[in-house]
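**Student:** One letter stands for each residue in the lines below.
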Amino acid sequence: MLTILFDGIAYGMLLFVLASGLAVTLGLMNFINLAHGSFAMAGGYVTVILVNRLGVPFFASLPIAFLASAVIGFVFERALYVHVYKKPHLDQVLFSIGLVFMSVAAADYVMGSGQIFVQIPKFLQGQFEIYGIGIGRYRLLIIVICGLLTVALQFILANTRFGSRLRAAVDDSRVARGLGINVNWVFALTFAFGSGLAGLGGALGAEILGLDPTFPLKFMIYFLIVVTVGGTSSITGPFLASLLLGIGDVAGKYYVPTLGSFVIYTIMIVVLIWRPQGLFSRAASR
Amino acid sequence: MAVALETINLVKRFSGIVASNNVSLQIAKGARHALIGPNGAGKTTLINLLTGVQRPTGGRILLDGEDITSLSTNERVRLGIVRTFQINQLFNGLTPLETIGLAVSERRGQGLDWWRIVGSRPDLVAEVVEILERFHLADVIDKRTAVLPYGKQRLLEIALAIACRPRVLLLDEPAAGVPEDERHEILAAVAALPADVTVLLIEHDMDIVFSFADRISVLVNGALFVEGSPEEVARDPRVKAVYLGEEVADA
Amino acid sequence: MLPPPIAIRVATEWLAARARWQPLEVGFWIVAFAAIWLFPDRHLILTEIAWLGLFALSLDLILGYAGIISLGHAAFFGLGAYTAALLAKYEIINEPVLALLVAGLAAMALGFVTSFLVLRGSDLTRLMVTLGVALLLRELANRLGWLTGGADGLQGVSIKPVLGMFRFDMFGHTGYAYSLIVLFILFLIARRLVNSPFGLSLLSVKGNPLRASAIGISVDGRLIAIYTVAAGFAGIAGALLAQTTSFASLEVFSFDRSADLLLVLIIGGAGYLYGGLIGAIIFKFMQDYLSALTPQYWPFWIGLVLVVIVMVGRDRITSWTAPFRRIASHLNWRALARHVAASSSERR
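Line by line, the protein sequences give chains B, U and C. In terms of my numbering, the first sequence is residues 1 to 286. In terms of my numbering, the second sequence is residues 1 to 251. In terms of my numbering, the third sequence is residues 1 to 348.
One thing to keep in mind: the hints can contain errors.
As the list claims (entries may be wrong) - Lysine-lysine pairs mimicking DSSO-like chemistry, simulated, CA-CA at most 27 Å apart: (1) B:Lys87 with U:Lys143; (2) B:Lys218 with C:Lys284; (3) B:Lys218 with B:Lys253; (4) C:Lys89 with C:Lys160.
It should be emphasised that the hints constitute simulated quantities derived from the structure, not laboratory data. Given the structure is predicted, the values throughout are model-derived calculations rather than measurements.
Okay, chain B solo, but in the shape it has when bound:
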């Protein structure tokens, strides 16, 4: 059972890295970006190409995946997203769905429609046992990397100038502009960073989650659950929501396989009815 817990924690932390960019974007620009998963998919495919086809070492491909997704995110933000910020939510939904469809079809065209796995290094394969708990090596790596990232994120937000500018812009972008903070740059860099994290998550997650062109669609609901249940006013909210979701999903599929994702969807609906602003956020002002 503790193995389930371990797997769930790994899954949850992976979800957190994947979804954290979305949480910040939603909290910062109040923009519903359903295409977030596309950036994750991009990172995954970049890693696949680098490792499987070009023989780049796995650990070297991770930062490249991050950078690639960050750059793609930056370009899209400046070229397209910036024009849609002020539009009503319906337009944002339509726009991001359009991007999802385009990215899914493009991935299908370029990479084929089958599920692809990354050739992870030998020493990361398999598992070992501690006190009877099966510890998957790859999953342990995920926990370590994602844990470090979470700590780094918290540090950046709380202790750096960029972090305080970001928090100011999230709280009230008009006042932040008035204080001389270049909110446009904050948006652009944050979006790029969030996309980069998604790409990194996609690269790490390809092995566990499976990578195919429908990735953005399959996992859209999971990212959305993380940000709505966890709220967007802190890092800890989405973090806890991701862990809950990860453990819940793994445990649910193991103990009650006949119900599958049924449990997750039902819990999500119940939570959203009970507390529409999320389990962990302060009262929503928007």
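Starting from the known structure of chain B, fit chains U and C onto it as the hints suggest.
**Tutor:** The following block gives chains U and C in isolation, referenced to the frame of chain B:
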């Protein structure tokens, strides 16, 4: 004195701030009662509590003796307590004809009628047109609210509340934001309200307050500070002290 | 200023004109019905346009008139489809029209139950809750494979003749006439509804729910009512799909269906009832054309269309449908007043 609207120890707390502090207010039937106080005194919060837009943390609200504390906003409107908003809250895509028509048809219980075409009841249309003419809106009857000048929108704001035939009418700064030359229409409309309608008026403009009200309550920091006739309140040195730098009209 | 009796007549006339059938509308339906005889070789695609138009009409009721953004409207569509298919397969109800009504009622029941979920919360919450319900149903249909046929879909469905007389054929002749008549009847109901005081109250709820409740309207009550009705319409659309194709599969619940539906409505424009119908026509022909061009990758072009529509601006895109929109706002009040005054003085 028949009491139309009464609050008993009304309290509203928001995370540490006490917006309404044990407010016990009695408004007589047919009264022209004004609520004044410095900015941030909690006047709009009180209106929100009275109309059900916000729930009190404690205390009760009675309308004609009936406890309405747990009722929703629209239920309270059905019982006869209606408000206007300090910043216009109108239906920007609808015309004054449709807007007032909606209020009248809801009041008559025909709001759920999904089969009849809007405007097929001549007596309803007659009432709507009469209200629009009374509020000098007949010349813009077919224009979308969004394109109306602010003064006309403000008149529509008040006409909309009147169309609900309230027993108690809460006016939140009716002349706010209206240019000087358009104010008299607003004030005339307020002065022309039927005598049996109880009116609670929030205002900052003391000229309006003293020409309109027969009773004044002063709210400071969420609590009732002073209450009395206009003469009594004007003479009270504590009131002058609270309004530092503001003119208080001579009685 | 007009003296009151004339002003009242002008106001009445203005409101009546607001709901009157425009010539373009009449033309639209004449062409739609004439297509039964004029384009017999296109009946299959026309049938699809008919139920897709009905589906989009149902979304317009909640999106265009009540302002609820739903990413899971396929839930009701799918429930209607499976209900109709199952009723036919197990010969519980053999007459298609009756089965259609039952399917509609089932979808309405689901709509009523889930309407409470969309009353509270932000746009994002509503989006997620509606999406969640549709995904839930899809998962449920997947798990109940013994009933629904699972991933392969429900096989062995045969639909009996409509009213015992009109057999469904493989060219879609009966299918189109049947679907068009159902669409038209439901359209008439919807048209009546949106031009009624209830419909006006929906617009007020969409525009300013705070003020709507401040004039005595129960916002929750109106939303529940229209959501339930719209769910029923969507269920009937799904039933039409099942009955005209004798098939139902899991993808009736899919996200793709709900997303495509949004596109259909947006192409034509929301908020004036014809947007869904016009959008269905354009979407189906576009899909037909693009699938022939690039069978596997046509979602790319659909996605591109969506992105372009948003970037250019929804209003600019749909301004070409202005002739179809209610022209009441262009009605000349003064001309109307003169006309009414003239006709009343004639009678003296």
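**Student:** Does each hint hold? Answer for all of them.
**Tutor:** Hints, one by one, checked against the model:
{"no.": "1", "hint": "B:Lys87 with U:Lys143", "in the structure": "holds (26 Å)"}
{"no.": "2", "hint": "B:Lys218 with C:Lys284", "in the structure": "holds (26 Å)"}
{"no.": "3", "hint": "B:Lys218 with B:Lys253", "in the structure": "holds (16 Å)"}
{"no.": "4", "hint": "C:Lys89 with C:Lys160", "in the structure": "holds (10 Å)"}
In summary, this structure violates none of the numbered hints.
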